[in-house]
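Take these sequences, add in the hints, and give me the full structure.
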Amino acid sequence: MRRIGQVRWELAIVVWAVALGMFFPILWMLLCSFKTEIAAVATPPALFFHPTLENYHAVLERADYLAFARNSVLVSLGSTLLALALAIPAAYSMAFFPTRRTRDILLWMLSTRMLPAVGVLVPIYLLWRDLGLLDTVFGLILIDSISVLPIVVWMLFSFFREVPAVILEASRMDGATQIEELVHVLLPLCTPGIAATALLSIILCWNEAFWSLNLTTVKAATLTTFTASFSSPEGLFWAKLSAASTLSIAPILIFGWMSQRQMVRGLSFGAVK
Amino acid sequence: MATVELRNVRKQFGTHEVIHGIDLLIQDREFIAFVGPSGCGKSTLLRMIAGLEQVTEGEVLIDGSPAQDVPPAKRGLAMVFQSYALYPHMTVAENMSFSLRLSGTPKAEREQKVRTVARILEMEPLLERRPSQLSGGQLQRVAIGRAMVRQPKAFLLDEPLSNLDAALQGQMRLELARLHRELNTTMIYVTHDQLEAMTMADRIVVLNQGNVEQLGSPLELYQHPATFFVAGFIGAPKMNFLDAEVKTVDAQHLTLMLTSGTSITVPAPLQKLNANEKIKLGIRAEHLALEPEGELRGEIEALEHLGPRAYLHTRLADGTRLVAQTDGDTQARPGDHVAFRARSEATHLFNSSGRALTRSDPQAEPC
Ligand SMILES: Nc1ncnc2c1ncn2[C@@H]1O[C@H](COP(=O)(O)OP(=O)(O)OP(=O)(O)O)[C@@H](O)[C@H]1O
Ligand SMILES: [Mg+2]
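Chain order of the listed sequences is A and B.
Under the working numbering, think of the first position of the first sequence as 37, with each following residue one higher.
Under the working numbering, think of the first position of the second sequence as 484, with each following residue one higher.
Treat each hint with caution, since some may be false.
[As the list claims (entries may be wrong)] When the alpha-carbon atoms are kept at most 20 Å apart in a straight line, the in silico EDC-like pairs for lysine to aspartate or glutamate are as follows:
id, chain 1, residue 1, chain 2, residue 2
1, B, LYS557, A, GLU216
2, B, LYS590, B, GLU611
3, B, LYS557, B, ASP546
4, B, LYS590, A, GLU216
5, A, LYS255, A, ASP100
[Unchecked claim] Footprint (simulated), chain A over chain B, 3 or more residues, beta carbon under 8 Å:
id, segment
6, 554 to 566
7, 577 to 585
[What the hints assert, rightly or not] Simulated restraints, written as ranges between beta carbons of each label pair:
id, chain 1, residue 1, chain 2, residue 2, range
8, A, PRO159, B, ARG493, 46 to 54 Å
9, B, PRO571, A, LEU117, 25 to 33 Å
10, B, GLN634, A, LEU117, 35 to 43 Å
11, A, LEU56, B, THR498, 55 to 63 Å
12, A, ARG137, B, ASP676, 34 to 42 Å
13, A, GLU198, B, SER618, 21 to 29 Å
It is worth saying that the hints were derived from the structure and are not from the lab.
For clarity, every value in this text was computed on a predicted model and none was experimentally measured.
From the three backbone atoms N, C-alpha and C, an ideal C-beta is built for every residue, glycine too.
Following this line, the structure appears as structure tokens:
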């Protein structure tokens with residue numbers, strides 16, 4: 037008993053240390069956003085200071101935060117829905133009608149995530165330009181959903197694989213078409229997994245910066261563009277940048293915090309069944 | 484109400500052929516059992532009838548019309564799976580009414596049908612439970628109920644009792660037989676347990692390595708096994724087999740030399756046999772009688788008391804094992820030296836390729 041208790045205790049320290057290490061930059065950013073520009077770059081950094089809201093005033097005055105936020109919401113929800121719509125049939129077919137090549141295709145899909153996005157920037161840019169998709173929400177939804185698709189397919193595939201094929205066969209015997217089988221049996225059985233996948237995809241799309249910086253300017257720009265616009269090659273901008281970043285991540289942080297139960301439930305879906 | 488016909492049905496998985504051309508006509512309202520050892524292709528055959536597995540070659544006809552291009556959903560058959568395969572996210576009632584919901588049956592009618600079936604299967608109190616809250620026997624009932632609600636043309640059952648304990652199996656066997664009588668629908672029943680097949684089926688298909696060994700009523704298979712395999716598979720205890728060599732043969736009699744050195748005379752088969760040909764002699768436990776002058780001498784190794792009768796597990800002089808049936812109140816004890824006489828007209832003969840050698844005279848009824 038003692039031993040187990042001790043191990044738990046040591047483990048707790050490690051977990052706390054890692055968690056704090058990961059949280060520290062965010063905390064620092066939050067603190068900076070309430071400092072003056074001078075205090076933000078002071079060395080050694082001041083731990084005690086007079087908090088000020090002037091950065092937030094400045095940031096909100098210079099840019100229409102709500103417009104960017106709206107685009108972020110549209111893009112992350114839109115990309116997630118589109119990715120799910122494409123990935124559910126794909127994962128269904130790979131999980132229940134595998135061929136000899138299925139594993140290769142999955143690995144290949146995942147490997148595209150390892151390709152630096154900048155490698156396809158020029159072709160994508162030209163394509164989007166010719167299709168009139170530059171600086172449109174739809175254009176960004178399209179590219180974001182493509183970039184999360186491999187992860188979404190992979191996650192759904194592993195959740196679907198946990199469902200015994202015989203249950204789907206039973207529904208086929210009960211007269212279900214493939215669509216009905218999907219809607220009435222497979223999807224309800226995998227709700228926790230699908231929810232976790234959707235949440236992860238929303239977070240990934242929300243944080244996505246590369247494509248929104250390169251493919252949008254004003255109309256379809258998201259909060260990542262908004263944040264980036266506060267960095268400048270010269271002058272003091274750390275405090276304002278921190279304020280902008282805080283404003284950008286606040287919604288997704290709150291969202292993530294509220295949905296963490298679903299996330300954990302979904303990700304351990306197979307393990308507990 | 485349906486006939487199911489298989490015409491030269493073959494199945495390959497990749498390059499590996501597991502069903503080697505099966506012809507079979509299943510009559511309307513028949514209770515037919517597919518029986519055979521594990522891996523012989525019973526489930527594969529059933530799944531091809533269901534449409535869950537593609538037929539590689541040959542034809543499946545349901546009610547006379549080819550079913551190859553009909554998806555499982557449209558074949559009008561219901562299946563009960565070995566693992567039950569209930570929908571875990573639905574209640575028992577929802578599980579049972581799912582097919583009706585898909586076919587657009589009005590809610591009131593659905594509920595009424597589910598209730599009727601639940602009453603027949605005595606599971607009304609379970610209707611609002613989920614599968615995770617049921618015992619094995621209850622899951623079993625729900626799976627059968629789900630199939631019944633649809634009023635299918637035929638029921639396909641794949642080892643539905645194999646996850647139940649022995650007592651429940653016995654009870655469910657009777658219940659399934661009763662259901663078949665009441666529903667009066669074709670039932671195709673897969674099992675590896677010959678007892679289940681013997682007790683329930685009108686006809687039995689014995690499968691071995693993707694081939695039909697024999698097709699017939701339980702009694703036909705028991706009394707006239709067509710092959711060595713069927714003789715050994717059907718019936719418990721297993722039929723006894725003795726290696727023998729033909730000594731003399733005339734129109735009426737065949738004299739065989741057993742490996743133990745004793746000779747035995749049995750009625751001759753219709754087929755011609757040559758002297759010195761090696762054959763197998765099969766004899767069931769109930770056709771061996773304890774007799775001091777009997778030709779089969781050995782020592783009792785173990786005694787199995789079943790109440791009304793007992794089985795004597797005996798080892799013959801040459802090492803062959805023999806099981807003989809005797810009265811429940813037998814005085815024999817392990818270690819006793821005994822002799823048996825075989826009822827010669829009840830013996831079975833198998834040639835070296837495993838085919839039964841038939842006789843013109845009718846076989847003795849088993850007692
Ligand atoms: N999907 C498959 N892919 C490859 N081979 C298969 C597949 N399904 C079955 N087989 C093979 O086909 C043969 C017959 O299998 P089947 O499941 O029909 O046997 P069975 O008679 O039902 O056995 P059991 O009593 O164990 O259920 C086996 O050798 C099995 O390995
Ligand atoms: Mg099987």
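Comparing the hints with the structure gives:
no. : hint                             : in the structure
1   : B:LYS557 to A:GLU216             : holds, 14 Å
2   : B:LYS590 to B:GLU611             : holds, 16 Å
3   : B:LYS557 to B:ASP546             : holds, 13 Å
4   : B:LYS590 to A:GLU216             : holds, 18 Å
5   : A:LYS255 to A:ASP100             : holds, 11 Å
6   : 554 to 566                       : holds (count 9)
7   : 577 to 585                       : holds (count 3)
8   : A:PRO159 to B:ARG493: 46 to 54 Å : holds, 50 Å
9   : B:PRO571 to A:LEU117: 25 to 33 Å : holds, 27 Å
10  : B:GLN634 to A:LEU117: 35 to 43 Å : holds, 40 Å
11  : A:LEU56 to B:THR498: 55 to 63 Å  : holds, 59 Å
12  : A:ARG137 to B:ASP676: 34 to 42 Å : holds, 40 Å
13  : A:GLU198 to B:SER618: 21 to 29 Å : holds, 24 Å
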